[in-house]
Amino acid sequence: MKIKLIFLLFIFFYLTIIVRLFFLQVIYSPSNKSAYLKTNKLYPIRGRIYDQSNQPLALNQNSYQLYIEPKKIGDKDKLLQLLSKSLEIEEASISAKLDMSKDWVAISGGLTQEQKDKIDKLNLKGVGFDYQTKRFYPEASLSAHILGFLGKDNQGEDIGYLGLEGFYNRDLRGLPGFIETERDIIGRPILIGVQQRVEAENGRDLTLTIDKNIQEISKKRLLEGLDKYKAKKGCVITVDPKTMAILSLVCLPDYDLEKYYLFDENFYKNLAISDLYEPGSVFKPLIVAAALEEKKIKPDDIYNETGQVTIGEYNIKTWNDKYEGRISMTRILEKSSNVGMVYIGEKLGNKKIYSYLEKFEFGQNTDIDLEGEASGYLKPANNWYPIDYATVTFGQGIAITPIQMIRAFASIINGGYLMKPYVVQKIVSENKVIEIKPKIKRRVVSKTTSDIIKKMLVSTVENAEAKWDRPKGFSIGGKTGTAQVPIKGIYDTSKTIASFIGFAPVENPKFLTFVVLYEPQTSEWGSETAAPLFFEIVKDLIVYYGILPSQ
Amino acid sequence: MKNIFLKTTGFIMTGLIIANLFIVISGIVISDEIDNFEKKTDNLLKINLTLEKKVANLGSLKFAQEQAKEFGFTNSTAPQYIDQLKYAYR
Chain A
8 MKIKLIFLLF IFFYLTIIVR LFFLQVIYSP SNKSAYLKTN KLYPIRGRIY DQSNQPLALN
68 QNSYQLYIEP KKIGDKDKLL QLLSKSLEIE EASISAKLDM SKDWVAISGG LTQEQKDKID
128 KLNLKGVGFD YQTKRFYPEA SLSAHILGFL GKDNQGEDIG YLGLEGFYNR DLRGLPGFIE
188 TERDIIGRPI LIGVQQRVEA ENGRDLTLTI DKNIQEISKK RLLEGLDKYK AKKGCVITVD
248 PKTMAILSLV CLPDYDLEKY YLFDENFYKN LAISDLYEPG SVFKPLIVAA ALEEKKIKPD
308 DIYNETGQVT IGEYNIKTWN DKYEGRISMT RILEKSSNVG MVYIGEKLGN KKIYSYLEKF
368 EFGQNTDIDL EGEASGYLKP ANNWYPIDYA TVTFGQGIAI TPIQMIRAFA SIINGGYLMK
428 PYVVQKIVSE NKVIEIKPKI KRRVVSKTTS DIIKKMLVST VENAEAKWDR PKGFSIGGKT
488 GTAQVPIKGI YDTSKTIASF IGFAPVENPK FLTFVVLYEP QTSEWGSETA APLFFEIVKD
548 LIVYYGILPS Q
Chain B
2 MKNIFLKTTG FIMTGLIIAN LFIVISGIVI SDEIDNFEKK TDNLLKINLT LEKKVANLGS
62 LKFAQEQAKE FGFTNSTAPQ YIDQLKYAYR
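Taken in sequence, the protein lines are chains A and B. This note's numbering applies: residue 8 is where the first sequence begins, and numbers increase by one. This note's numbering applies: residue 2 is where the second sequence begins, and numbers increase by one.
The hints are simulated quantities; they were obtained by calculation from the structure and are not laboratory data. Here the structure is a predicted model, which means the values were calculated and not measured. Built from N, CA and C at the ideal position, the CB exists for glycine as well. There's no promise every hint is true.
[Claimed, not checked] Computed list of lysine-lysine pairs in BS3-like fashion (alpha-carbon distance at most 25 Å, straight line): (1) A:Lys235 / B:Lys70; (2) A:Lys159 / B:Lys70; (3) A:Lys123 / B:Lys54; (4) B:Lys40 / B:Lys63.
[To be verified] Here's a subset of chain A near chain B, in silico, CB distances under 10 Å, partners left out: (5) Ile52; (6) Arg55; (7) Gln62; (8) Leu66; (9) Asn67; (10) Asn69; (11) Thr140; (12) Phe143; (13) Phe185; (14) Thr188; (15) Arg190; (16) Asn220; (17) Gln222.
[As the list claims (entries may be wrong)] Pairwise CB distance ranges (calculated): (18) B:Met2 / A:Phe185: 25 to 35 Å; (19) B:Leu7 / A:Gly135: 54 to 64 Å; (20) A:Glu187 / B:Ile48: 24 to 34 Å; (21) B:Asp33 / A:Gly158: 32 to 42 Å; (22) A:Tyr551 / B:Asp33: 54 to 64 Å; (23) A:Glu76 / B:Leu17: 37 to 47 Å; (24) B:Asp33 / A:Pro445: 50 to 60 Å; (25) A:Lys11 / B:Asp33: 38 to 48 Å; (26) B:Leu7 / A:Phe19: 47 to 57 Å; (27) A:Asp374 / B:Asp33: 50 to 60 Å; (28) A:Phe185 / B:Leu7: 22 to 32 Å; (29) B:Gly60 / A:Phe185: 30 to 40 Å; (30) B:Ile24 / A:Leu269: 35 to 45 Å; (31) B:Phe72 / A:Lys109: 23 to 33 Å.
Just chain A, with the same shape it has in the complex:
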């Protein structure tokens, strides 16, 4: 009898267990799976960005999001008081977020390790942290427009915007992995259970062509220049003219990369690649080089500069309305004679002018590896009037970006090669290094033409009408530019874009620097604003590169 009773008891227990298991594994299967199967997303670390000497420009840092579980907190007033003090946020702001009916409320993101440690020590009930990483910029906003910033997409995931963060977002972000393990009631892995782990692939690191020292020189000088010449904004671009590797690119005003959300969208715009403008006289050497290449002129050919030139209903004059009579082609560049350029344009011919504009690839993207590039617009040849062919010879009536200008200029001093500008020279992943080589897009002029135009540009600097405080004994070539700004189809004479483009040393150019100042107030002329600023930068670069005087 006793044995039978024990037997029935066992049967009852077994049946209870079987029924319970049936409910757990069949009926409530999907919802209960999460109770023991833990799947965690493994976040990749975003790729770092280094300058050409492997000095970091963008890294990652620990960051925490503070949350409160309202149902677990003790004294609410005391909690608010302590958090307000630690986070340096008004009590009212925290209180407004603290919805007592919810289980979980995010209070503040982007906390540093130090802030977290400080709050941890307070031992507050119901307060916790979620781990995140965020960008850290050791050089602050030194390279703001090159780097771009890291924001969030509409699903709250990190995404790069503008500059390198935008262009190389797919490389930088990496691939997330996941870990799926069966865990016991206190969260320890069950060894004989399901164990699946797919490692995250960290983002690729970028090594740039940028030299942070040149970047610092450019930014410091540009800041001084904007202040001295009371300009609205400005850019300094320095490249290696042989490869079009960007050595520095600074535009001001810029913005704080870590607090980008505090700035208006206009500050994000990289003027060097996104802003279209009429280049003015810095454009002249391109037309002269084209005419030399087509053998329509020689540097010593003579032009009789007698007065204004009339094209249809328009009169073209020199900047000071003074005329020197018989002058050489080199002198046309030296004194930046608009009427002389119209003469060179006529010698070259309209078809050739247009064909060289196409060869220099104006109106097309340069394909620089930065997000946000504007291509500009080169209207079709059949829409050009005679006045357009005349004004384009001195850089008016055509809208280009500063990066297009410096690329075209580089091509006439590097032996004739139009190169693709680039900022990233190496993409480094865990098991592979991709090297990015300079890329020739086409040959625009011959080496002979290039050598001739370089000499003409040296003469332009040495015999220009303005006398600059330039480093003595160093051969420097360059050209000033003062472009008028069209507003609603009419040029506003009070507003100009002053620029200077130049290179050194002439024999084997180490750098080519382009300075653009928008609407300087102390003088409207490039020769009195952008040019002195250019020579200040050149002095620093000569010392930095250890370039010896050649004369």
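Starting from the structure of chain A, add chain B where the hints point.
Positioned in the frame of chain A, the structure of chain B alone reads:
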């Protein structure tokens, strides 16, 4: 015969129970270790990022400028040869 069978079965059952207990306890110990290693790895990653930040700060131009200011090297002076060529050849 029956006694031998019962004793053997009892012995085997005891052995199995001990082995089972051993496996379960070892499993718990190893699970704890895995858990600890996961936490330590996460912690190392965080320490690594903190150190990387500190190293980057020490090598930054910003830090160099602060140091220069502290030591009184605020005014940078261009070398003489930039303006006076004769010094370039001395």
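Self-check item: Status of the hint placing Ile52 (chain A) at chain B (closest C-beta pair under 10 Å)
Solution: holds, 8 Å
Quiz item: Is the hint on Phe143 (chain A) kept, meaning its closest Cβ partner in chain B is under 10 Å away?
Solution: Since chain B brings a Cβ to about 6 Å from Phe143 (chain A), closer than 10 Å, the hint holds.
Exercise. Take the C-beta atom of Glu187 (chain A) and the C-beta atom of Ile48 (chain B), compute their distance, and say whether it sits inside 24 to 34 Å.
Key: holds, 27 Å
Practice problem: Decide if the proposed pair is consistent with the structure: Lys159 (chain A) and Lys70 (chain B), CA atoms, cutoff 25 Å inclusive. | Solution: Outside the cut-off at roughly 38 Å; violated.
Quiz item: Do Leu7 (chain B) and Gly135 (chain A) keep their Cβ atoms within the hinted range of 54 to 64 Å?
Solution: holds, 57 Å
Practice problem: Evaluate the given range 32 to 42 Å for the C-beta pair formed by Asp33 (chain B) and Gly158 (chain A). | Solution: Roughly 40 Å apart at Cβ, these two residues keep to the hinted range, so it holds.
Practice problem: Hint says 50 to 60 Å; check whether the CB-CB distance for Asp33 (chain B) and Pro445 (chain A) agrees. | Solution: Given about 56 Å between the Cβ atoms, the range holds.
Quiz item: Was the hint right that Thr188 (chain A) lines chain B, CB cutoff 10 Å?
Solution: holds, 9 Å
Exercise. Check the following: the C-beta atoms of Lys11 (chain A) and Asp33 (chain B) are separated by a distance inside 38 to 48 Å.
Key: With Cβ atoms ~45 Å apart, the hint holds.
Exercise. Look at the Cβ atoms of Ile24 (chain B) and Leu269 (chain A) and judge whether their distance stays inside 35 to 45 Å.
Key: The hinted range 35 to 45 Å is violated for Ile24 (chain B) and Leu269 (chain A), with Cβ atoms some 59 Å apart.
Quiz item: When you take the CB atoms of Tyr551 (chain A) and Asp33 (chain B), is the distance between them in 54 to 64 Å?
Solution: holds, 57 Å
Quiz item: When the nearest CB of chain B is found for Gln62 (chain A), is that gap smaller than 10 Å?
Solution: holds, 6 Å
The structure fails to meet hints 2, 4, 13, 18, 26, 28, 30, 31 from the earlier list, while all remaining hints are met.
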